[in-house]
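> Below are the chains, spelled out letter by letter.
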Amino acid sequence: MKKRTLIVFAAALAIGAGCLVTPLAAQRGTPYRGPRTPDGHPDLSGIWQAFSTANWDLEDHSPSPPQVYQMGARGATPGGQSVVEGGDIPYKPAALETRKKNFANRLALDPEVKCYMPGIPRATYMPFPFQILQTPTHVLMAYEFASSDRVVNMGKPVEAAVDTWMGTANGRWDGETLVVDNTGFNDMTWFDRAGNFHSDALHVVERFTLTDADHIQYEATIEDPQTFTRPWKISMPLYRRVEKNIRLTDFKCVEYSEELLYGDLRKKPSK
Amino acid sequence: MSRRILKVASLLMVMTLAALIARHTALGQAAKAPAPAPPPAKTSASAPASPKPWVAPKTAWGDPDLQGWFSNLSENGTPLERPDQFAGRKLEDIKGEELLAIKAAAQQRTVESFAGPLHAPEDWWQKDLNMVKGTQAWLVVDPPDGKIPPITAEARARTAARNEARRGHGPADSWEDRSLYDRCITRGLPGSMMPVIYGNSYQILQTKTYVAIRYEMIHETRIIPLDGGPHASPKVRTYMGDPRGHWDGDTLVVETTNFRDEEAFRNADGATLKLTERFTRVGPKTVKWAVTVEDPHTWTKPWTFAMPLTMDDTQPVLEYACHEGNLGLRDILLGARAEEKKAAEAAAAKTSK
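Protein sequences, first through last, are from chains D and F. Read the first sequence against numbering that gives the first Met the number 0 and you will find it ends at 270, with the numbers running on by one and no gaps. Read the second sequence against numbering that gives the first Met the number 0 and you will find it ends at 352, with the numbers running on by one and no gaps.
Only chain D is shown next, with the shape it has when bound in the complex (with noise of 0.2 Å):
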């Protein structure tokens, strides 16, 4: 009996703890904390993939047919839900007509038909897994599409030599978070298939944050006060790509872009 009593009382406490520590301990978001790196910081290290529509339309956008009609189906856009906070991108008005021209003419002007570099944040939510490797002092991106790739320099911050298509980023931690800060683009690259763009004056700090084993909730902060009216995020999960034999194949797109690019060009056979 005394000791029946015992087992409920302890069982009783238990679940009392439970109550008190679970709820409080959610409420507070106390961060995922998940495998470290040697030298002890969160261990984003793998293949990763963004699984949005973001790479079609950054907003909000409905279905739509292909631009090519021999495409099909496989040509047409899936509609989705926008990846930008509040919803739309503060353009300033001349920058939204722009966009608007270059919605009209994306297939002909998205550097991503070309197999150009894609840029930041792009590269990230292209339909294609990039692979993330830490050491102490530097983490690098590698891209599959276009064999793109960027390294985050983690020591004293660099300035810029240059502008190029990825930019230059420089790293640091925020507790559970890597942050990326990011300068000196050029203004070739575009955000999506929508036409959405920016300027050389782009700045982009992203944060990549481990919310458990097999999800980065990622998060892009555009600054361009050339193009927008203000500074804006965009945020979505990337996901671990867990198959086993999964790696990243070449995908030298260069090769289905030449005849587009060069075509005009080729020797007509001669009369």
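Keep in mind that a hint or two might mislead.
[As the list claims (entries may be wrong)] Covered stretches of chain F (in silico footprint by chain D; criterion: 3 or more residues with CB under 8 Å from a CB of chain D, positions within the stretch not fixed): (1) 105-116; (2) 208-221; (3) 317-324.
[Said to hold, decoys possible] Straight-line Cα separation of at most 27 Å, DSSO-like style, residue types lysine-lysine; simulated pairs: (4) Lys99(D) to Lys232(D); (5) Lys266(D) to Lys340(F); (6) Lys341(F) to Lys155(D); (7) Lys126(F) to Lys273(F); (8) Lys57(F) to Lys284(F); (9) Lys89(F) to Lys284(F); (10) Lys146(F) to Lys132(F); (11) Lys234(F) to Lys243(D); (12) Lys207(F) to Lys273(F); (13) Lys207(F) to Lys243(D); (14) Lys51(F) to Lys94(F); (15) Lys155(D) to Lys57(F); (16) Lys126(F) to Lys94(F); (17) Lys89(F) to Lys155(D); (18) Lys340(F) to Lys267(D); (19) Lys113(D) to Lys100(D); (20) Lys341(F) to Lys266(D); (21) Lys91(D) to Lys267(D); (22) Lys352(F) to Lys340(F); (23) Lys267(D) to Lys287(F); (24) Lys341(F) to Lys57(F); (25) Lys349(F) to Lys267(D); (26) Lys132(F) to Lys89(F); (27) Lys300(F) to Lys132(F); (28) Lys273(F) to Lys94(F); (29) Lys287(F) to Lys132(F); (30) Lys132(F) to Lys94(F); (31) Lys146(F) to Lys126(F); (32) Lys146(F) to Lys89(F); (33) Lys287(F) to Lys266(D); (34) Lys51(F) to Lys132(F); (35) Lys89(F) to Lys300(F); (36) Lys243(D) to Lys94(F); (37) Lys284(F) to Lys207(F); (38) Lys234(F) to Lys287(F); (39) Lys89(F) to Lys287(F).
Because the hints were derived from the structure by calculation, they are not lab data. Don't be surprised by glycine CBs; every beta carbon is placed ideally from N, CA and C.
Take the given structure of chain D and dock chain F to it, following the hints.
Here is chain F on its own, set in the frame of chain D:
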């Protein structure tokens, strides 16, 4: 601003083409027209006092540490095979003043090959070209005679078939008549590891489970898994191949297979070619790199070539937007079409006379 970068990039592209030509020319000339060999250098009488023994650095998890930025610029122009002028001699015996003279001559030839009305500014790469620091008179270390073993009958037939397929094509009827390098697609393997006159920066990054090698030229990244997993399916074939690495003592061994035929080294069979690279840190600034080339469908036996990679913190890998700025390829095609038009007009003028 951005347009200027585009222009610079296209100029660089033109230089790339020129560099390729120079490299091939340098290789050919080294074999054909050797400079007279000066007598071997006398060995220095006073050997330097033996310094503290150098210990190869390790990563936090205990693997040999190969990480950093590299350049192999000074090995530019070194012929793959032993030039005939050195017949009967050993690679390690060609050193000192004799080696210096060969390297100085190679440097001069490279610079001279760019003389002419059309070239990039003269201080773009010339002042950085430093072939005199080159450490080898040739690259093949096995077989010991420095010559690539004979190719098989099958390889001869394959090369003949590829040449036959190209017959009737001009040098620039379309982009497909240009090399994958001209087209900014890839330099393949071992091409990506071989020096050219500029853009020779490499970066090695390591984790416990991967080694990554970044190449500035054509911006490629090789990610080499160390997990002992099997190679990809034979159905998956890529220009850079499918690498698998492991540590053999202090040496990183990388075996690469699954090549595409178009860029398989020296017309090998991409399906059966295997390259085994060995990376060994042999000094504070030096990683020895050796490659064993195997393909029973192409060579009668395996062979190996080697060169040192030199660590150089002043040469970080920068973004080389090769394809994005490839006006050079457009211009080559434009030039070829313009010449055809001119020839056609001249022919028409002749018949109308």
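> Would you mind marking each hint as holding or not holding in the structure?
A quick look at each hint next to the structure:
Only when three residues or more bring their CB closer than 8 Å to a CB of chain D does the claim for the region 105-116 of chain F stand; here the count is 0, and the claim is violated. Here's how the region 208-221 of chain F fares: 8 of its residues keep a CB closer than 8 Å to some CB of chain D, so the rule of at least three is met and the hint holds. Taking a C-beta to C-beta cut-off of 8 Å, the region 317-324 of chain F contributes 5 residues in contact with chain D, enough for the three needed, and the coverage statement holds. For the hint linking Lys99(D) to Lys232(D), the alpha-carbon distance of about 21 Å falls within 27 Å, and the restraint holds.
About 11 Å separates the Cα atoms of Lys266(D) and Lys340(F), which keeps this hinted pair within 27 Å; it holds. Of the supplied pair hints, the one linking Lys341(F) and Lys155(D) is violated, its CA atoms being roughly 58 Å apart against a limit of 27 Å. For the suggested pair Lys126(F) and Lys273(F), the alpha carbons sit about 37 Å apart, so the restraint of at most 27 Å is broken. Of the supplied pair hints, the one linking Lys57(F) and Lys284(F) holds, its CA atoms being roughly 14 Å apart against a limit of 27 Å.
Taken as a hint, the Lys89(F) and Lys284(F) pair is honoured in the structure, with Cα atoms around 25 Å apart against an allowance of 27 Å. In summary, the hint linking Lys146(F) to Lys132(F) is supported, as the alpha carbons are separated by about 23 Å, within the 27 Å threshold. Between Lys234(F) and Lys243(D) the alpha-carbon distance is near 18 Å, which keeps this suggested pair within the 27 Å criterion. A threshold of 27 Å between alpha carbons decides the hint, and for Lys207(F) with Lys273(F) the separation of about 24 Å falls inside it, so the pair holds.
This hinted pair checks out: Lys207(F) and Lys243(D) have alpha carbons roughly 18 Å apart, not beyond 27 Å. With a C-alpha separation of about 25 Å, the suggested pair Lys51(F) and Lys94(F) falls inside the 27 Å cut-off, and the hint holds. Restraint check: the Cα-Cα separation between Lys155(D) and Lys57(F) comes to about 23 Å, which is no more than 27 Å; the hinted pair holds. Under the criterion of a C-alpha separation no larger than 27 Å, the hint pairing Lys126(F) with Lys94(F) is consistent with the structure, at around 24 Å.
Only pairs whose Cα atoms come within 27 Å are accepted, and Lys89(F) paired with Lys155(D) is rejected, the gap being roughly 47 Å. Restraint check: the Cα-Cα separation between Lys340(F) and Lys267(D) comes to about 11 Å, which is no more than 27 Å; the hinted pair holds. For the proposed pair Lys113(D) and Lys100(D), the alpha carbon gap of about 18 Å is at most 27 Å, so the pair holds. Restraint check for Lys341(F) and Lys266(D): satisfied, since their Cα atoms lie roughly 14 Å apart, inside the 27 Å limit.
For the suggested pair Lys91(D) and Lys267(D), the alpha carbons sit about 46 Å apart, so the restraint of at most 27 Å is broken. Among the hinted pairs, Lys352(F) with Lys340(F) is consistent with the structure: their alpha-carbon atoms are about 18 Å apart, no more than 27 Å. Among the hinted pairs, Lys267(D) with Lys287(F) is inconsistent with the structure: their alpha-carbon atoms are about 49 Å apart, more than 27 Å. With a CA separation close to 63 Å, the supplied pair Lys341(F) and Lys57(F) exceeds the 27 Å bound.
For the suggested pair Lys349(F) and Lys267(D), the alpha carbons sit about 22 Å apart, so the restraint of at most 27 Å is met. Proposed proximity of Lys132(F) and Lys89(F) is supported: the alpha carbons are some 19 Å apart, at most 27 Å. Only pairs whose Cα atoms come within 27 Å are accepted, and Lys300(F) paired with Lys132(F) is rejected, the gap being roughly 32 Å. For the proposed pair Lys273(F) and Lys94(F), the alpha carbon gap of about 32 Å is over 27 Å, so the pair is violated.
Between Lys287(F) and Lys132(F), the direct Cα distance comes to roughly 15 Å. Compliance with the 27 Å bound is thereby established for this hinted pair. Distance check on the hinted pair: Lys132(F) and Lys94(F) sit about 11 Å apart at the alpha-carbon level, within 27 Å; holds. Among the hinted pairs, Lys146(F) with Lys126(F) is inconsistent with the structure: their alpha-carbon atoms are about 33 Å apart, more than 27 Å. Of the pairs offered as hints, the one joining Lys146(F) and Lys89(F) holds, with about 12 Å between alpha carbons and a cut-off of 27 Å not exceeded.
About 46 Å separates the Cα atoms of Lys287(F) and Lys266(D), which puts this hinted pair outside 27 Å; it is violated. Under the criterion of a C-alpha separation no larger than 27 Å, the hint pairing Lys51(F) with Lys132(F) is consistent with the structure, at around 24 Å. A distance of roughly 21 Å separates the Cα atoms of Lys89(F) and Lys300(F); the hinted pair therefore holds under the 27 Å criterion. Of the supplied pair hints, the one linking Lys243(D) and Lys94(F) is violated, its CA atoms being roughly 50 Å apart against a limit of 27 Å.
A hinted pair counts as satisfied when its Cα atoms are at most 27 Å apart, and Lys284(F) with Lys207(F) qualifies at roughly 22 Å. Only pairs whose Cα atoms come within 27 Å are accepted, and Lys234(F) paired with Lys287(F) is rejected, the gap being roughly 33 Å. Restraint check for Lys89(F) and Lys287(F): the C-alpha separation of about 18 Å stays at or below 27 Å, so the hint holds.
Of the hints listed earlier, those the structure fails to meet are numbers 1, 6, 7, 17, 21, 23, 24, 27, 28, 31, 33, 36 and 38, in rising order.
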